[in-house]
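2 protein chains.
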Amino acid sequence: MSDRAPDLPQRRINVSLSDRSYDVVVGSGVLKGGGAFDALPRGERAVIVTNDIVGPLFGEMAERALRARFSRISTITIPDGEPNKNWQTLNRIFDGLIDAQCDRETTLVALGGGVVGDLTGFAAASYMRGVSYVQVPTTLLAQVDSSVGGKTAINHPAAKNMIGAFHQPSLVVADADTLRTLPERELICGLAEVIKYGAALDTAFLGWIDAHLTELLARDGDALTHAVVRSCEIKAEVVAADERESGHRELLNFGHTFAHAIELGTGYGTWLHGEAVGCGMLMAVEASRLLGLIDAQRADRISELIVRAGLPSRAPHLGIGRYLELMRLDKKARGGEVRLVLLTGPAGATVQRVDDQLVAAVVSKFQA
Amino acid sequence: MSDRAPDLPQRRINVSLSDRSYDVVVGSGVLKGGGAFDALPRGERAVIVTNDIVGPLFGEMAERALRARFSRISTITIPDGEPNKNWQTLNRIFDGLIDAQCDRETTLVALGGGVVGDLTGFAAASYMRGVSYVQVPTTLLAQVDSSVGGKTAINHPAAKNMIGAFHQPSLVVADADTLRTLPERELICGLAEVIKYGAALDTAFLGWIDAHLTELLARDGDALTHAVVRSCEIKAEVVAADERESGHRELLNFGHTFAHAIELGTGYGTWLHGEAVGCGMLMAVEASRLLGLIDAQRADRISELIVRAGLPSRAPHLGIGRYLELMRLDKKARGGEVRLVLLTGPAGATVQRVDDQLVAAVVSKFQA
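So the protein sequences, as listed, match chains A and B.
So the first sequence is residues 1 to 368, counted in our numbering.
So the second sequence is residues 1 to 368, counted in our numbering.
Simulated from the structure, these hints should not be mistaken for lab results.
Note that the structure is a prediction, hence the values are computed from the model and not measured.
Sample of chain A residues facing chain B (criterion: CB under 7 Å; computed from the structure): (1) TRP87; (2) ILE98; (3) SER126; (4) MET128; (5) HIS156; (6) ILE163; (7) PHE166; (8) GLY336.
Beta carbons are placed, not taken as given, at the ideal position from N, Cα and C, and that holds for glycine.
Bound conformation, chain A alone (with noise of 0.2 Å):
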């Protein structure tokens, strides 16, 4: 059945959220091995969620794997992109679960990337008013970041992430071996959350992805296994402090702020989400530098770790008023005012009201 052994070296996260606490299972094969889906209990039913690209890679493997808990397995394929992360696409996940009469022990399957993952969790959040749901990311973006920690959602036409909910999934099976087949261009969009977390919450492992980028580069299994690990261990630790952001958990919004206004500004997929980080990351390191909150070593070392990784350098240009009026759309914003995630001296990094200006002034510098 498999050609490797089942016990293949992984690594389990666990994310600690009491009665919601659940794994993180990473490593190389780990979805073909098997035993990838044994810390759940065995139910009647699974609904693979999953788009016309990932399907036909790694929905075989997928659903050979859940044979082992699940005894009716089908599957859901909506259209891929950030332009179908609306109730359209929901509503499409909705009538096939209707159509199969499936019930409320049902076990949602989210096998894809972000949209993928985003869109099942808010299905499996509202779907009878709640089921549960496995997250299997198949994007290096979906994996270090979008399937850990149950944020959810749906864009709004004015408003990147507006609609959702927090539901934490079940289980979290991330296999690296799904990375080889990406396109490049989303290779780099992961690699921009991976450098958000060394950026604003770990310096060690901001040094460690300097000095390994021509691995993750060319997609070297121990150094992204090492990448995904890293980050799970950190948002893992984030979460479990601050599961519905009301503070700490902000801190991981470092550089979208700015990259929810790029990506509605220039409409839904044309910048995707990790290049808006990217270059989001830039315009927020700008603006600390500005405050004088972090001296320019630590801004060059961080904006040059983000342009030698491939990331876009230059924003679009959309105007100063519309970047303002987009970034007070933002979650973060309280009383019409923009709240920025920024950094701080030589590790840390903090969330502040910034004024107009001082948006103005970042804005213009980066705008093409």
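Since the structure of chain A is already known, use the hints to place chain B on it.
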């Protein structure tokens, strides 16, 4: 300002759910009397969600009372009625919130009946992944049932209340004075849910309803207030024991499996929810009797009360197959088998799988 003293007699029922606990404030004139929202923390912003019938009647009064707690209050008006409990209306709420740049600290206020409450609650559960909300129910049905307990939902074209969330309000304010203008048909709908509590969970209350039905139908203020208070007490106790309906809370669905089939089978809004519950309870009583779970005396007593309240005693003709198909989509169903809340012995209730023959026998007897 007010023609009533602020120290009106009012009852507070606590729904005890650790950090999600909240009060249900019940009384005549509590909204007008001021102080209704004193239990809420002071906030910047509240958004009243109401419909075009309730808004003109009580919108100003609610806004005046909210001014003690919030400095900016705005209103979103949605269309009335069950056929509008859908994505389209939910999106109108989201559009309104985004247009007004509402942030995570905004409080939504549901002013209206069950449709407004269910929609607003789900909007609050999902907007920016969750903001707080308050229920101000203005129908008897919403005051005794739907505003308490945190069940929020919209309908799917193929199944009622299929998409939603458990999201508890921060406060419920039920003013019996708002029932004075309630259409007769809606008053009777509310009585269906009142009878539900007596029939399934509290025979002493059932006796009280029986003895005071005339006053209730005549809208006697004391009788209505007692009915609301006792219903909310029972519901608070059930919800505190089983918030997410994994067991005991299912008993509150007495009559609802048949009811949802009637509502959906005839088209949302043709039968009002309470009417369908009335008829559905008659059918569930009959199912309990056929299974030998209750004697004829209990069956007759409850059935006679439902009929005396003015609720419909004949079910619509949909055909047995269609009833079964619709009932299998009920959220209590498991593995395609219908589960019903049934009455047992002199005072009990339970949830049981029932076979298609039993459902067929009941439907045959009631179908017009």
